[in-house]
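Undergrad: For this one, chain A is given, so just place chain B on it according to the hints.
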Amino acid sequence: MSIAKKLGHYLKQNIDSPAKVQKTLKRAFRLQYYIFKFSKKKHIPKSLRYLNVIGMKYMLEPLKNPEKSVFVNIFTPTEILHAFGLKSLQIEGMSAFLSAAWCEDSFVDIAESKGLSDTLCSYHKTFLGASFAKVIQKPLCGVTTTTACDANVNTFRTLSEMYGVEQYIIDVPFESSDANIHYVANQLEELVAFLERVSGIKFRLERLKEVIEIENETVKFYKKYLKALETKYFPNSLSAEMSKVLALQIGLGRKESLKFFKLLAKDIENYPIQEAKFRLFWVHILPIYSKSLGELFNFSNRHHLLLSDMNIDYLEPLDSSKPFEALAKKLINSHYNGHYSRRAENIIGYVKRMKADGVINFAHWGCKETAGASLLLKEYLSREDIPLLTIEGDGVDKRNSQEEQNRTRLEAFFEMLEARSK
Amino acid sequence: MIQCMCKYAPFAIFDGFDEVGEILDSDISSFSHSERLLPPNLCAYTKVVMESIVQKGVKKLFLVNCCDSIKRLYDTLLLDKCGLEMVYMMELPRKVSCCSSALFATEIMKFITYYEEQFGVKFSLEKFNHSLYKYLGKAVPEQEYIAVLGAKASKDFLFKVSENLSLPIDNQTCSRAHFLTRIEHFETVQKAIEWYAGEILAYTPCMRMIDISMRKSLINSPNLKGVIYHTVKFCDHYGYEYAELANKGLPILKVESDLTLQSSGQMMTRIEAFQEQLGRKRGTNMKSDKLYVVGMDSGSTSTNVVIINRNREIVSSSIVPTGAKSSKSAELALELALKEANIVRDDIALIVGTGYGRYTIDVVEENITEISCHAKGAHFLNPLVRTVIDIGGQDSKVISLDESGSVKGFVMNDKCAAGTGRFLEMIARSLEISLETMATEGLNWHEDLTITSVCSVFAESEVVSLIANNKERSDIIHGVNKSIASKTVSLVERVGKNGVFMMTGGVAKNSGVLAEISRCLGSEVYVSSEPQICGALGAALLGLERIEK
Numbered sequence: 001m002s003i004a005k006k007l008g009h010y011l012k013q014n015i016d017s018p019a020k021v022q023k024t025l026k027r028a029f030r031l032q033y034y035i036f037k038f039s040k041k042k043h044i045p046k047s048l049r050y051l052n053v054i055g056m057k058y059m060l061e062p063l064k065n066p067e068k069s070v071f072v073n074i075f076t077p078t079e080i081l082h083a084f085g086l087k088s089l090q091i092e093g094m095s096a097f098l099s100a101a102w103c104e105d106s107f108v109d110i111a112e113s114k115g116l117s118d119t120l121c122s123y124h125k126t127f128l129g130a131s132f133a134k135v136i137q138k139p140l141c142g143v144t145t146t147t148a149c150d151a152n153v154n155t156f157r158t159l160s161e162m163y164g165v166e167q168y169i170i171d172v173p174f175e176s177s178d179a180n181i182h183y184v185a186n187q188l189e190e191l192v193a194f195l196e197r198v199s200g201i202k203f204r205l206e207r208l209k210e211v212i213e214i215e216n217e218t219v220k221f222y223k224k225y226l227k228a229l230e231t232k233y234f235p236n237s238l239s240a241e242m243s244k245v246l247a248l249q250i251g252l253g254r255k256e257s258l259k260f261f262k263l264l265a266k267d268i269e270n271y272p273i274q275e276a277k278f279r280l281f282w283v284h285i286l287p288i289y290s291k292s293l294g295e296l297f298n299f300s301n302r303h304h305l306l307l308s309d310m311n312i313d314y315l316e317p318l319d320s321s322k323p324f325e326a327l328a329k330k331l332i333n334s335h336y337n338g339h340y341s342r343r344a345e346n347i348i349g350y351v352k353r354m355k356a357d358g359v360i361n362f363a364h365w366g367c368k369e370t371a372g373a374s375l376l377l378k379e380y381l382s383r384e385d386i387p388l389l390t391i392e393g394d395g396v397d398k399r400n401s402q403e404e405q406n407r408t409r410l411e412a413f414f415e416m417l418e419a420r421s422k
Numbered sequence: 001m002i003q004c005m006c007k008y009a010p011f012a013i014f015d016g017f018d019e020v021g022e023i024l025d026s027d028i029s030s031f032s033h034s035e036r037l038l039p040p041n042l043c044a045y046t047k048v049v050m051e052s053i054v055q056k057g058v059k060k061l062f063l064v065n066c067c068d069s070i071k072r073l074y075d076t077l078l079l080d081k082c083g084l085e086m087v088y089m090m091e092l093p094r095k096v097s098c099c100s101s102a103l104f105a106t107e108i109m110k111f112i113t114y115y116e117e118q119f120g121v122k123f124s125l126e127k128f129n130h131s132l133y134k135y136l137g138k139a140v141p142e143q144e145y146i147a148v149l150g151a152k153a154s155k156d157f158l159f160k161v162s163e164n165l166s167l168p169i170d171n172q173t174c175s176r177a178h179f180l181t182r183i184e185h186f187e188t189v190q191k192a193i194e195w196y197a198g199e200i201l202a203y204t205p206c207m208r209m210i211d212i213s214m215r216k217s218l219i220n221s222p223n224l225k226g227v228i229y230h231t232v233k234f235c236d237h238y239g240y241e242y243a244e245l246a247n248k249g250l251p252i253l254k255v256e257s258d259l260t261l262q263s264s265g266q267m268m269t270r271i272e273a274f275q276e277q278l279g280r281k282r283g284t285n286m287k288s289d290k291l292y293v294v295g296m297d298s299g300s301t302s303t304n305v306v307i308i309n310r311n312r313e314i315v316s317s318s319i320v321p322t323g324a325k326s327s328k329s330a331e332l333a334l335e336l337a338l339k340e341a342n343i344v345r346d347d348i349a350l351i352v353g354t355g356y357g358r359y360t361i362d363v364v365e366e367n368i369t370e371i372s373c374h375a376k377g378a379h380f381l382n383p384l385v386r387t388v389i390d391i392g393g394q395d396s397k398v399i400s401l402d403e404s405g406s407v408k409g410f411v412m413n414d415k416c417a418a419g420t421g422r423f424l425e426m427i428a429r430s431l432e433i434s435l436e437t438m439a440t441e442g443l444n445w446h447e448d449l450t451i452t453s454v455c456s457v458f459a460e461s462e463v464v465s466l467i468a469n470n471k472e473r474s475d476i477i478h479g480v481n482k483s484i485a486s487k488t489v490s491l492v493e494r495v496g497k498n499g500v501f502m503m504t505g506g507v508a509k510n511s512g513v514l515a516e517i518s519r520c521l522g523s524e525v526y527v528s529s530e531p532q533i534c535g536a537l538g539a540a541l542l543g544l545e546r547i548e549k
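First to last, the sequence lines map onto chains A and B. Residue numbering for the first sequence follows my numbering, beginning at 1 and increasing consecutively. Residue numbering for the second sequence follows my numbering, beginning at 1 and increasing consecutively.
Just chain A, with the same shape it has in the complex (with noise of 0.2 Å):
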């Protein structure tokens, strides 16, 4: 049994104790935080070893200040939060961090022993399930958003009740027009002194400016990463893209998150031309547990892993002097927002511009906009003649993945790509 089972195991049968797991779990996060720290794994870039790093941390800063911790979600702009100095405790990464600890499954049953539906998302369940069983500990606050996910407002909406904590929830319209950007900046400002309320602390509006400025100085050396990354191999994994989306999300604005990005554009500089077998662009989360999967990608270079289309969203830099307004068009123009074209067609120019051999889309169990738009895609891409894999499985709980018949699948869509090549 490996460190992480006997963890897992142990968490399990504790579970009626939340205060040993939580101790247990800071404990064995921290220790991790350390390994990655002092890591010297040569076959891992610099940047991706400071990337586990960071990822790490960004974790580990809620559960040490819960008091000072705002639940939030992947969409949350958590840019505000940043200027207030609070914490970003993103829901879904905890709960991919619990399943790292191998103990999702536990807090999953107890989710849907509550009456929680048993097709909803498996990210927002853990967690959901993890704070029925006292868990995670009481935050300052929530602040989530209504875009793209249907369970975001509900799973906010019972954390708030749970925890008897206040939340703000910012409506995303869903299509781009002066009025809509001007609802949600004003729902912006709102949000601000919602915050200045709950958390006694002042807001200044200068330090959202320089966080917005730390974010647009981040995306511009993310960009030279990928034009770089058209013509050349650079290591990944599915966990290294994975945690690309934490530097990406609750990241943005952060000096680490700067720090990375800058690393990632120097690393690149010094791999060589595209010799991988297969260039392969990725839609929507990865199942970082699998170990078929985790054997096909994680640092191949027969089966190059190019990105994910979660981190591809929005990457146009944002005006600091109309902070509110930047971030309301940050919101509605995201390619999670709005209709599925936005998405495809995003999609669609990256997989071009990186050259990519195929797209392999991961559709995760219970999510209705992604999983529920496998036949779009399919539709969209076929219209351009890409080649399309749509994978089933589970990023969290373990007991939904197919291993097996997910690798049996790939292994076939690389013949196919081979014998398109010919």
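Worth flagging that the hints you see were computed from the coordinates, not collected in a lab. All values derive from a computational prediction rather than experimental measurement. Among the hints, a few may not be true.
As the list claims (entries may be wrong) - Straight line, CA to CA, 30 Å or less: simulated DSSO-like cross-link-like pairs of lysine-lysine:
1) LYS248/B to LYS12/A
2) LYS122/B to LYS59/B
3) LYS110/B to LYS138/A
4) LYS248/B to LYS329/A
TA: Chain B only, in chain A's frame:
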């Protein structure tokens, strides 16, 4: 005719165009077209809409961007209209504020412009004004009632519910009609639309809205006697509210459906049991001098008969496999039991049926659901029992009882073989052993294997891979037993873990499963000498009670 999804569509605007709006009902029996056109995990109502477009030739469709599934349906229809003349999706804000109301009014105006341009018809304010009357709705019912809450419910479902309950129902699901609580007369379109947008946004919100505090009013009426909570497969919005209401002490029944006309057997059973739980039994009391009452449990795997006398003593019982025709097995089981008791049909005062097959058996005179029957039987066999775990051939259920043996609450698994007797049969077949061997072999395990899949079909394929990997048979069986136990215990947790536990049904004879369940519960589980006849016994006891009244 414009087909819509829910009350949030601006019906009176359609009237302004001489169109009639209608909420698209789910009265289809299969998803043959939508299975081809949509991914399987979109919500069942989305599939109903797609199926209706193809099957019934819907021409004009008006959607609201209420959830991820509907958004994806709209995206799909943008690529292939499937014969629709009009497919329109309106944006509905999730917040209720002056800003959102203004945005929503703009959305309604956008539709007016769209319709005028598309169909060359001018919007008539006069027709709009006139139509408002027909939407004037009623307030909360003034007499005692049962609320039906949750996601979209079909007319068929609502009909079945009201047929089987003694109290009237109030439909507050997503299929509730468009309504207005007050009306006005307007001189300009602008004014009319601004007002109308505000009225619609002020509705008691559905679960997609941000502030749902007004939903509390749905359960606050003193006339409310119970809630039937309807959820739809792959719609996750309402599970949250159910989770909250489930612990409020209000009689509540959760029913999940895929909105097809099938599976009514299981649904009927639940609604009837809920009626019994509410303590408003229907049916007539019978008087008779005869001494014997028959309880007959027609299950998917076996048909069980128990005969009791006036002193509540079991005089005989029989168990026969349910063949292809349940009425034949019922006749045979009754005949065997009569023979054993040494009595004839004329000595029987009443035959009470329970189980899925109860409606198809002619000799049955009274019907009571297996929920009430199992509770009654269990209480009779051991009055200390507070939780009955019944794992039968095709379903499993957990019933919680009070001190008097009345049903406090119950849950059943949904349309799935995982955690049932059928699942064990499937596995026994894969392992090429008999159920009897399997029942004990799992007790002697060495390696702690885990069957992770929650679906019986995938679980079976996992078992097949374990066989291929040369794993010990006893270890595999132990893994299977653990999987059933974990499913079962999650049902127990849903009704509330409350000892003493008793297990009934055929699977109670499987000592491997029993051991795992009791390990997971951390408590002994009581099993009577003949766990399969518990339902039939309860039916007979309830029959006798009715005669005695």
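Undergrad: Tell me the numbers of any earlier hints that the structure contravenes, in ascending order.
TA: When the structure is compared with the hints, numbers 3, 4 turn out to be violated.
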